[in-house]
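Residue numbers (the numbering used here), protein chains in the order written: chain A, 4 to 394; chain B, 311 to 448.
What the hints contain is simulated information worked out from the structure, not anything from laboratory work. On a predicted model such as this, the values are computed, not experimentally measured, just so you know. Heads up, a few of these hints could be off.
Said to hold, decoys possible - Calculated lysine-lysine pairs in the DSS-like style (CA-CA distance at most 30 Å, straight line):
hint : chain 1 : residue 1 : chain 2 : residue 2
1    : A       : Lys103    : B       : Lys439
2    : A       : Lys190    : A       : Lys179
3    : A       : Lys309    : A       : Lys299
4    : A       : Lys132    : A       : Lys103
5    : A       : Lys327    : A       : Lys312
6    : B       : Lys352    : A       : Lys377
7    : A       : Lys210    : B       : Lys352
8    : A       : Lys267    : A       : Lys254
9    : A       : Lys40     : B       : Lys316
10   : A       : Lys103    : B       : Lys352
11   : B       : Lys362    : A       : Lys106
12   : A       : Lys377    : B       : Lys359
13   : B       : Lys445    : B       : Lys359
14   : A       : Lys103    : B       : Lys316
15   : A       : Lys106    : B       : Lys445
16   : A       : Lys27     : B       : Lys445
17   : A       : Lys258    : A       : Lys306
18   : A       : Lys267    : A       : Lys132
Said to hold, decoys possible - Sample of chain A residues lacking proximity to chain B, with all beta carbon distances greater than 12 Å (derived):
hint : residue
19   : Arg12
20   : Lys31
21   : Ala50
22   : Gly51
23   : Ser53
24   : Met77
25   : Ser162
26   : Asn211
27   : Lys309
28   : Asp359
Note that CB positions come from ideal geometry on N, CA and C, so glycine has one too.
Each chain, letter by letter, is given below.
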Amino acid sequence: MHLTAEDERIYDGEQGWAYQTAMKILVKLGDLFEADKLIPIQSAHIAGVSYKTLGDAPIEFLEALAATGARSKMASTANPSGLDYEGLMGAAVSGNIREKQAKIIELYERMGIKSVLTCTPYYISKPKKGSHIAWAESSAVIYANSVLGSWTNREGGPSALASALIGKTPDYGLHKPENRKPNIKVKVEPELRNEAEFGALGINLGKNLLDKVPLIEGLRSPRETDLKQLGAALASSGMTSIFYPCSHCPKGAEKLETVTVDRKNLKNAFEGLSTGSENPDMVFIGCPHCSLSEVKRVAEMLKGKKVKKNVRFWVCASRHVKAKATNHARTIEAASGKVVSDLCAVVTWLRELGVDTLMTNSAKTAYYAPTLNKVNVRFATLKQCIETATI
Amino acid sequence: MDVELKGRPLVSGVTQGTALVSRNPLSFLGGVDPETGTIIEKNHDLTGKSIKDTILCFPHGHGSTVGSYILYSLAKKKTGPKAIVNETADPVVVVGAVIAEIPMVDKIDITQIETGDEVEVDGGRGTVKILKREKPCT
């Protein structure tokens, strides 16, 4: 791989151990995927924040990096943690867990990574179309590539952090135009009626497409938030990091291998995401984190209703979105729901919170929660979630 | 005579040790106890074995990128492997070996190596030399 003279000096340790280690990570990954150079990036998004999923292992490494004074070269964001900043979760876990979680966040902050903890950083600042970025968090990666038109590989926590410190990423995979071309066509026969059906489609496709790049035909004017659900699910059950939604596919598409999804496939995927039908003790909306329009939709549907006493109703959105949605948050709270920031239900301690059955309109959450959180899941539309949770 | 296998250099460093060979992919997150270096992945051919100070040979890694940090943590606690030999390296293990400074080579036919073999790994040259094969029990 060709390195600039400055990159060579960093690789040799001229700027200290942290930058040297970051450079080595990028160069070795580049070697592995046969990249010929590093390219500058506009932003980095780092995964690996929740103490629940990380455990103790990374703390030492992050501490060693932060101790050198190394800092992110550009505005960088980070994924949700296991705790919210208002302390909703705090009481359910031990002081040791709270300290460790705070420590991880502090270490990232010291490296110049914003402690706005969200899986939808694009609602805070949208990367430009065609810009190269290095994002971890598979749902944000697929959204950036497919909806925003920015270019990123599916980075892991360490490689996204290395890219933040160096300001570059190895030039391979989805940074190359030839790898972004669709190589399969999916014909969706049924009309998708709500966000949950988009998610169910994503789960079905992820299992069957592996890492192929699909053109998805038959989506009639989907909302961006529907595509967010589709992408998040697609990247959960599969390795796809880019898709092309189209109502009528472009010329040349007829030559591609075609797979068809019918009503029955969709129904099976949808029903397969529920593990039980018990009454939920928690309803979780906001995986990936809600946009302003989604918080508004929840508020409008909750208006005048009351969440049952034994049910927690959480709407997760970044602090940034929450600050813009003050009135909607008030409506949700008047109905005994909560708008929760910095946290994601899947990476927090749901069992410790006393949750046995989680109800959600997110196919990604439904896909992961039974194994990651050991809870039962009821997968349903937002409308059904609200009907079930309220009186 | 020593057998030398030639692969791809990934993380430099020269070391000798006893080979621990697996036929299964390994996830460091959830698959290895970060305190002791014992393999805890279920249904794995090395379940219960310790990777501490071994030349760890397995086809490739799988699972979460947090696995890279687990390798760093193992190295700091001195419960990690001396070197890693893979058939096809994946990003999680490569990044882990880089930050943990564990010599690593891939593109090696690991079926040539047996658990118990004394081997020398040269991560900079991409070679694995089998120095001594343990005599099979008779």
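Outcome of the hint check:
1. For the given pair, lysine 103 of chain A sits about 43 Å from lysine 439 of chain B by alpha-carbon distance, which is inconsistent with the 30 Å threshold.
2. Of the pairs offered as hints, the one joining lysine 190 of chain A and lysine 179 of chain A holds, with about 26 Å between alpha carbons and a cut-off of 30 Å not exceeded.
3. Restraint check: the Cα-Cα separation between lysine 309 of chain A and lysine 299 of chain A comes to about 17 Å, which is no more than 30 Å; the hinted pair holds.
4. Distance check on the hinted pair: lysine 132 of chain A and lysine 103 of chain A sit about 37 Å apart at the alpha-carbon level, beyond 30 Å; violated.
5. Distance restraint check for lysine 327 of chain A and lysine 312 of chain A: the Cα-Cα separation of roughly 28 Å lies within the 30 Å cut-off, and the hinted pair is therefore satisfied.
6. A distance of roughly 17 Å separates the Cα atoms of lysine 352 of chain B and lysine 377 of chain A; the hinted pair therefore holds under the 30 Å criterion.
7. At most 30 Å may separate the alpha-carbon atoms for a hinted pair to count; lysine 210 of chain A and lysine 352 of chain B meet this at roughly 23 Å.
8. For a cut-off of 30 Å, the pair hint linking lysine 267 of chain A to lysine 254 of chain A stands: about 29 Å separates their Cα positions.
9. Proximity of lysine 40 of chain A to lysine 316 of chain B is assessed by CA-CA distance (about 26 Å); at most 30 Å being required, the pair is judged to hold.
10. With a C-alpha separation of about 28 Å, the suggested pair lysine 103 of chain A and lysine 352 of chain B falls inside the 30 Å cut-off, and the hint holds.
11. Of the pairs offered as hints, the one joining lysine 362 of chain B and lysine 106 of chain A holds, with about 29 Å between alpha carbons and a cut-off of 30 Å not exceeded.
12. Straight-line distance between C-alpha atoms of lysine 377 of chain A and lysine 359 of chain B comes to about 27 Å, which keeps the hinted pair within the 30 Å bound.
13. Restraint check: the Cα-Cα separation between lysine 445 of chain B and lysine 359 of chain B comes to about 21 Å, which is no more than 30 Å; the hinted pair holds.
14. For a cut-off of 30 Å, the pair hint linking lysine 103 of chain A to lysine 316 of chain B is broken: about 44 Å separates their Cα positions.
15. Using a Cα cut-off of 30 Å, the hinted pair lysine 106 of chain A and lysine 445 of chain B is violated, with the two alpha carbons roughly 51 Å apart.
16. The straight-line distance between the Cα atoms of lysine 27 of chain A and lysine 445 of chain B is roughly 40 Å, outside the 30 Å bound, and the hint therefore fails.
17. With a C-alpha separation of about 50 Å, the suggested pairing of lysine 258 of chain A with lysine 306 of chain A is violated against the 30 Å cut-off.
18. Our distance criterion of 30 Å between C-alpha atoms is broken by lysine 267 of chain A and lysine 132 of chain A, whose separation comes to about 36 Å.
19. Distance to chain B confirms arginine 12 of chain A as a non-interface residue, since its nearest Cβ pair spans about 18 Å, more than 12 Å.
20. The Cβ of lysine 31 of chain A does not lie farther than 12 Å from every Cβ of chain B; its closest approach is about 5 Å, which violates its non-interface assignment.
21. Alanine 50 of chain A, annotated as away from the interface, has a beta carbon of chain B within 12 Å; the closest lies near 7 Å.
22. The claim that glycine 51 of chain A lies off the interface is violated: its Cβ sits roughly 6 Å from the closest Cβ of chain B, which falls inside the 12 Å cut-off.
23. With 12 Å as the threshold on Cβ separation, the claim that serine 53 of chain A sits away from chain B is violated: the shortest Cβ distance comes to roughly 10 Å.
24. Interface exclusion of methionine 77 of chain A from chain B stands, the closest Cβ pair being 21 Å apart, more than 12 Å.
25. Taking the minimum C-beta to C-beta distance to chain B, about 6 Å, the non-interface status of serine 162 of chain A is violated against the 12 Å cut.
26. Residue-level check passed: asparagine 211 of chain A sits 20 Å from the nearest beta carbon of chain B, beyond 12 Å.
27. Its beta-carbon lying about 40 Å from the closest one in chain B, lysine 309 of chain A satisfies the requirement of being farther than 12 Å from that chain.
28. With a closest Cβ-Cβ approach of about 23 Å to chain B, aspartate 359 of chain A is found to remain outside the 12 Å limit, as its non-interface label requires.
When the structure is compared with the earlier hints, violations turn up for hints 1, 4, 14, 15, 16, 17, 18, 20, 21, 22, 23 and 25 and for no others.
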